[in-house]
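Peer 1: Protein chains in written order, with the numbering used here: chain A, 1 to 338; chain B, 339 to 648; chain C, 649 to 1069.
Hints listed in this document are in silico derivations from the structure and should not be mistaken for laboratory results. Bear in mind the structure is a predicted one, so any value in this text is a computation, not a measurement. Please note that the accuracy of each hint is not assured.
[Said to hold, decoys possible] What follows is a list of derived Cβ distance ranges for each label pair:
no.	chain 1	residue 1	chain 2	residue 2	range
1	C	973	A	217	52 to 58 Å
2	C	1066	A	40	55 to 61 Å
3	B	487	C	830	58 to 64 Å
4	A	192	C	830	20 to 26 Å
5	A	305	C	914	58 to 64 Å
6	A	176	C	1066	21 to 27 Å
7	C	914	A	121	29 to 35 Å
Backbone N, C-alpha and C fix where the C-beta goes; we use that ideal spot for every residue, glycine too.
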Amino acid sequence: MATAETSRLEGLRSRGAALGGFGPAAISVLLVAAAAALLVGSLRSSTFAQLTVQGLALGSVYGSLALALVLVYRASHIVNFAQGELAMATTYVAYQLIQWGLSYWEAFFATLGIAFVLGTVLEVGLIRPVLHRSAIAAVIVTVGLFILIDGVVTWIWGGDFKFMPSPFGTTIYHVGGVSIARLYFGILVVVLISVLLVWALFRFTKLGLGMRAAALRPAEAALVGIRVDRMLAIGWGLAAVLGAVAGLMAEPSQYVLEPTLMQPILVYAFAAAVLGGLESPAGAVVGGLALGVSLNLIVQYVPAITSELQLPFAFAVLLAVLLIKPSGLFGRRTVRRV
Amino acid sequence: MRYLPALGSLVAVGAVLAALPFLLSAYHVALAAQVGIFFIAVLGLNILTGYTGQISIGHGAFMAIGGYTTAVLSRDHHTNLVLTMIAAFAICLVFGVLVGLPALRLSGVYLALATFALAISVPQLPLKWSKFLGGRDGVQTATTPSHVWLYAAAWTASAILFVLAWLILRGRVGRAFRAVRDSEIAAVASGVELPLYKTLAFGISAAYAGIAGSLFVLATNGFAAPDEFGVVLSLELLIGAAVAGLGSLWGILAGAAFIGLLPTVSSSVPVIGSAHGQDVVFGAAVVLVMLLIPDGFAGLVARVRRLAGA
Amino acid sequence: MAVNRRKLGALLCALLITAAVAGAAAASHTGTPGVTSNKIVIGGTFPLTGPASLYKTIPAAEQAYYAYVNAKGGVFHRKIVDNVLDDQYDPSQTVPQTQKLVEQDHVFAVVGSLGTAPILSTWNYLNKLKIPQVLVATGDAFWGNCVHHACQGGTKPWTLGWQPDYPGEAKLYAKYILQKNKNAKIGVIYQNDAYGKNYLAGLKTGLGSSANQIVDAESYNLGDSAQVIAAHVVALRAHGADTFVIFATPTATIQSLVARTLIGWSPLTLVNNVSANRVFELLAAQNGANLDGIISTVYTASSTTQPNLPGMKLATSIIHKYAPSLDQSLAQGDGNIIYGLAVGWTFVDALQHAGKNLTRAGLMQALRNMKETKNPFIYPGMTVETSKKRTFPMEQLKLIKWSGGKTGDWHAFGKIFSGLH
Chain A
1 MATAETSRLE GLRSRGAALG GFGPAAISVL LVAAAAALLV GSLRSSTFAQ
51 LTVQGLALGS VYGSLALALV LVYRASHIVN FAQGELAMAT TYVAYQLIQW
101 GLSYWEAFFA TLGIAFVLGT VLEVGLIRPV LHRSAIAAVI VTVGLFILID
151 GVVTWIWGGD FKFMPSPFGT TIYHVGGVSI ARLYFGILVV VLISVLLVWA
201 LFRFTKLGLG MRAAALRPAE AALVGIRVDR MLAIGWGLAA VLGAVAGLMA
251 EPSQYVLEPT LMQPILVYAF AAAVLGGLES PAGAVVGGLA LGVSLNLIVQ
301 YVPAITSELQ LPFAFAVLLA VLLIKPSGLF GRRTVRRV
Chain B
339 MRYLPALGSL VAVGAVLAAL PFLLSAYHVA LAAQVGIFFI AVLGLNILTG
389 YTGQISIGHG AFMAIGGYTT AVLSRDHHTN LVLTMIAAFA ICLVFGVLVG
439 LPALRLSGVY LALATFALAI SVPQLPLKWS KFLGGRDGVQ TATTPSHVWL
489 YAAAWTASAI LFVLAWLILR GRVGRAFRAV RDSEIAAVAS GVELPLYKTL
539 AFGISAAYAG IAGSLFVLAT NGFAAPDEFG VVLSLELLIG AAVAGLGSLW
589 GILAGAAFIG LLPTVSSSVP VIGSAHGQDV VFGAAVVLVM LLIPDGFAGL
639 VARVRRLAGA
Chain C
649 MAVNRRKLGA LLCALLITAA VAGAAAASHT GTPGVTSNKI VIGGTFPLTG
699 PASLYKTIPA AEQAYYAYVN AKGGVFHRKI VDNVLDDQYD PSQTVPQTQK
749 LVEQDHVFAV VGSLGTAPIL STWNYLNKLK IPQVLVATGD AFWGNCVHHA
799 CQGGTKPWTL GWQPDYPGEA KLYAKYILQK NKNAKIGVIY QNDAYGKNYL
849 AGLKTGLGSS ANQIVDAESY NLGDSAQVIA AHVVALRAHG ADTFVIFATP
899 TATIQSLVAR TLIGWSPLTL VNNVSANRVF ELLAAQNGAN LDGIISTVYT
949 ASSTTQPNLP GMKLATSIIH KYAPSLDQSL AQGDGNIIYG LAVGWTFVDA
999 LQHAGKNLTR AGLMQALRNM KETKNPFIYP GMTVETSKKR TFPMEQLKLI
1049 KWSGGKTGDW HAFGKIFSGL H
C-alpha cells in the first residue's frame, strides 16, 4: 500500500512486524527483567532500595492519573487536559472538608464521591454537547477547564501553601540500614487497591462489561440495550475518582498543597499513558511506575544528565519508544482496511 | 482558498489597520500589534492542523526558537531586526521539518502529546546553555523597536504571510494538504507523497510560528526569557486555531484577537478583579466559546452566510 | 439591503474612530504624570495568579500600608493610589501591563514590581522614559550594579532595589560556615536558574580560597518532585558533606528539609532568607522535618518573636484594619507581609523627603539619598541607606537560628552584619 519508503525506521518496523511485532511476550520479558534488576539493586545498596521504593510510590501516583487519562480516552477518544487540575481541585475539596472537621479518611471517601459527581457532570454538561460536533472543540474545552480550574482554586484558597495531615503519619521504618517512610508504602497500597478495584469493576461486573462494550463498540452495545451515554458518563466519573486518588496521594508525597501540585504530575502521566499505550490501562500503570523509578535513579546514578536535561531526556526516550512502537508498549496496532 | 473575502472588505480592513496607529494610544497600538503577532502564529498552525489534520500542541517551542534567534543575533551581531526575522523563518522551517519527520510515524493524539513534550522541553534548553542563551535572566536585543514599528512589522508580515499561505493553499500543495487531511490512504492511492507534504506542512507552520516568535520577543521590549514560552503559550495557540475554525480569514482574525486581547482584558474585569480575573475569565471564555461555536468562528461565518441565503 | 448594510458599516466605523480619538485626547496630561493636588497614582506588576502567586501578600500588604497613610491624610494631602496588576511572573505579560501603567494609568512611578526576569524586560523601557522603577521585589544584584555601569544597553539610574541582595547574603553564609568549622565540607542544593546560580556564585566568592571545600553542588529544576529533590540530598550526603546549604524556592526548601531528616542526616544547615518565612518552616516541621539548629538571615522584624516592638503592634493593627484576610498569616509569622509594609514605609518616607513639589526626578533624588533609621518594620538597628556610592539600599543582615521544633520559631543571634558588599 505505501509508497516505497526506505528509511531505516521503516526497515526496523518491518523487521519487527516479521518477528510478530514487539508483542506482549517481549514486553513482559522486558518488564520481568527490569523488576529483577530493581530487586537485585535494592538488595545490594540501601540507597538504591530507598530510591526504588520512593520511585514506585510516586510512579503509582503517575500511573493512577495516567489510568484516568486512559479511561477517558477509551470512552471518548480525546485527551482530557484538565484531568490533573480536576485532581488538584478535588484534593483542595478534601482539604476544606478536613478544615471543617472531618477526619482524614472521612474526607477522603467523601471527596471520591464528589469527584465522581464532578466527572460525570463534566462529561454530560461540557463534553458531550461538543464532542459529536468536533473532537478538537472538546479537547479545547478541557484546555479551557485547565486554565479555569486553576484560576478558581487560586481565587478560593489562594496561591500560598496549605498543610494537610498525612494519613500515614511521619513514621520511618528502618530495615537493615535502609530508612523508608511509611508514607511511601501507604501511597503504594492505596493506589494499587484503587486500581485493582477499578479493574475488578471492569472485569467482573455487569456494569464494567457494559462500559467496555460501550467504549469498544458503541453501536452494537446500544443495540443490545446498553445505555451508552450513561456508560460514558460513568467512565468519566471513575476517571475523576482515580484522579482524586492521585491528587490525595500526591499531596503527602510532596508535603505541600499548592495549586501547582498536579501540573508536573500531569506531564508525567501523559508520558506514562503514551508509553504504555493510550488504550491500555495496564500500560498506563506500568508506564507510571517505570517512569517514577527511572527519574529517581537517573538523578543518582547518571549525573551526566543534569537537571535541565532530565525532562528533555525523558521525552527523547519516550519519542524513541514511540518511533519503534507508535501505539505504545502495550498498545495494539490497529490495522485499517481500505 | 475559499476564505479569501471580497476585495472590498480587504481594502477596508487595510485602511483601518493603516489608520489605527494614528488614532490609538501607544498602549493600544501595542495590543493591536499583539493581535497581528498571534494572527501569524494561528495562520501557521491552521495550515498544519486545519489543512493537513496534524495536531500540534508544541508551536510555542517554535515561537521560542524564533524569538531567541532574533534576540541572540541582535545581541551578539547587532543584526537588523527584519533580517533576524527572516533568519527565524529559515531556522524554524528547518526545525519544523526535523520535527515533522519523526511525526510522520505518529498520528492523532500521539502526535499531539509528542508535540506537547516539545513545548515543555524546548524552553528548558536556555537554562542549559545559559552563557549563550541567557538562562533565566534572558537575552536582550541591542535595539528595541517602537510601538509603531512593531505594529507595522506585525501587520505587514501578516499580510505577506497571508498572501503566501493563500498562494500555497490554492495550488497543488494545498490540494495535497487537504487530501492528506481528508484521507491519508486515498491521498497515497492518488499518488500524493505523504512524507513530503506532511513534513512540508510542519515546516511551513513552524516557520510562521518562528516569525511570530521573533515579533513576540520584540514586543516584550526585545527581551527573550524562558518564562515567556511556557506550556500555556502553546495551548493558547491551539485555542486560537480552534476559535478561528477552518476556512475563514475573519476566523483567523477572531482567533488571534481572542488569544491576543482576552487575557489582558480578563485581568481588568470588575468584581473578580485584577487579583483573580485572568485565569478565571479567560478559562471560562474558552469553555463557553467552544460550547457555543464548536466549529470556530469560521463555522459561525458559514452558518451566517447560509442563513443570509447566500 | 446591501446598500443599507454598507452604510451601517461605515457609520459604525466612523463612530469607532471618533470614540478612539476622543479617548486618546482625554488621556493627555500636563505636569508630573500621576500627581494631582490630591492624588499620587503609582502601580506595580506582581504574580497575582499563576505559579508564583504565593507572593501576592506582598502587594496586598503594601496597599494596606498606603490605605493607613491615606487615612491619616496622605502625603502633603495627596492620597496614594496603587494600581497592582497581574503579570503571572511572565515577562511577555509584564511588558504590556507596565505599558498600561505608564500609558493608560499615567502612573507617577512603578513601585515594588516583583521578579528578576519581569524587571529585566521593562527596565530599558522605563529608564528610557525616565520613569522611576523602584523598590523592586527581587534580590538580584543588577539593581545596584547597573546604576553607574552600563548593563544591557546603558546605565539604569531609574531602577532601584530594596532588599539585601542574594550574592551578599550568600557571602555572609560563607563567612559563618568557615567561622563555625574551618574545614567544613559543603554540599549545596540550588535551583537551576539565575536565582540559584547567583547564590552559589556568592557563596564561592565568600569562601574565597576555601571554595574547593564545596564537595558537591546539586542543581534541581523548578517543578521537580520531592522525591527527585530527596535524591539530590542523598547525593550530597554521599559526597561526604557535613554542611548543607539550600538555595531554593520555598517548595523545594521544604522538601529538602524533610528529606534531610528522613534520611537521618543532621549537618549544619543553612537556608536562604526568601525561603525562611516561618510559615514555610512550620510546614516542613509538620511533615517531619527536624528544624532545630538551622540557620538563615533576616532583615525585617518578626511579628512572632518580637511582638512587642511598636512596629509589630502597628503592623498587626494596620493589617487588621486594612487587610483583615491577612490577619491569620501575620499571626503565624508570614514575613512577606512585614516585607510589604516595610517597602511601603520606605516609599512614603521618600515621598515625604521629595517635598510638596513632587517630580519624578525629585523622588529619585530622595531615594538615592536615603538614611532611613526609623522604619518600624525592618529589623531594629538596621538602616535603609543610599548615596552616590551606595546603590544597594539594604546591606545588613542578622543571623537567625531555629529552635522549638514543630511549634518553634527563628531566633536572632549575634550581631548585625553590615557591608555585605
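Peer 1: Checked against the structure, which of the hints given earlier come out wrong?
Peer 2: 4, 5, 6 and 7
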